[in-house]
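Student: Sequence:
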Amino acid sequence: MGNNNSLGGGNALRKHVETATKTGVLQYDNRKLKEVDPSLCLPGLRTLSLNDNELQTIPPQIGLMVNLKNLSLRNNQISQLPDCFGQLKKLENIQLGQNQLCTLPTSFANLSGLRQLTLCNNQFTTIPDSLLKLNNLQLLDLSGNRITQIPDQIQTLQVDELNLNDNRITKISEHIRLCPRLKTLRLDRNHLSLDIIPVGLLTDSNLSLLSYEGNRFDEKAFQGKEGYDQYMQRFTANRRKLE
1 MGNNNSLGGG NALRKHVETA TKTGVLQYDN RKLKEVDPSL CLPGLRTLSL NDNELQTIPP
61 QIGLMVNLKN LSLRNNQISQ LPDCFGQLKK LENIQLGQNQ LCTLPTSFAN LSGLRQLTLC
121 NNQFTTIPDS LLKLNNLQLL DLSGNRITQI PDQIQTLQVD ELNLNDNRIT KISEHIRLCP
181 RLKTLRLDRN HLSLDIIPVG LLTDSNLSLL SYEGNRFDEK AFQGKEGYDQ YMQRFTANRR
241 KLE
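According to the numbering used here, the sequence shown is numbered sequentially starting from 1.
Read the hints as simulated data drawn from the structure, not as lab findings. Idealized CB from N, CA, C, for every residue including glycine. Heads up, a few of these hints could be off.
As the list claims (entries may be wrong) - Pairs of lysine-lysine residues, derived as PhoX-like cross-links and limited to a Cα-Cα distance of at most 25 Å, are as follows:
# : residue 1 : residue 2
1 : Lys-89    : Lys-69
2 : Lys-171   : Lys-69
3 : Lys-133   : Lys-89
4 : Lys-171   : Lys-183
Claimed, not checked - Label pairs and their in silico Cβ distance ranges:
#  : residue 1 : residue 2 : range
5  : Thr-57    : Gln-153   : 45 to 55 Å
6  : Ser-112   : Phe-235   : 26 to 36 Å
7  : Thr-21    : Thr-125   : 18 to 28 Å
8  : Arg-181   : Arg-46    : 21 to 31 Å
9  : Gln-56    : Arg-240   : 42 to 52 Å
10 : Gln-233   : Asn-67    : 51 to 61 Å
11 : Asp-188   : Ser-79    : 23 to 33 Å
12 : Thr-148   : Thr-57    : 21 to 31 Å
13 : Thr-19    : Asp-195   : 21 to 31 Å
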């Protein structure tokens, strides 16, 4: 059933699997795993955690895990995901930070129940189109990638918080003000000058927290930008709600 560096080999691992079939949770982090044995893609699992391993690929049999709600594959070497990912329609939380991904399968658009998606510290140069069709996202984390712009299509993104810290952004579409649910936008440590921040984002959006440290303008300059007062009204109202 494979070797000790694959998820499926070894007596200790079999005990983990036996327990997982009863609990619905399989956690096997930091074990130097190099591959996932397809026979371990158990349909009954609700949570699968394989963080801090040496995985490069995920077998297509993962599409059989139709009850999976939480998937965590942080800090591996994964460069591609199988197309069958879109079959995992019960997924609510995906952690894929610190891998080698630069694209997502188009089937990602089928993950209608997804609420949190972390793709930080990968190799993305654009915001994947498939994410613009998800209706229930609360958090999308694309920090630490190589994204250079926020495109016009962003207006269809349904998300409460968008984290784009530590990218290479030099352009932001005016259409971002049309994002219906966007309340928190993180843009720390990009390549932004003040004129790149769309006025409409401040005057005519639902945004109540804009984070911009480490760019090419400071807080004093931001306070002088058109729309600052309207933005601060929303910022202050949101703060009061949280107190």
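Student: Of the numbered hints stated earlier in the document, which are not met by this structure?
Tutor: 2, 5, 7, 10, 13
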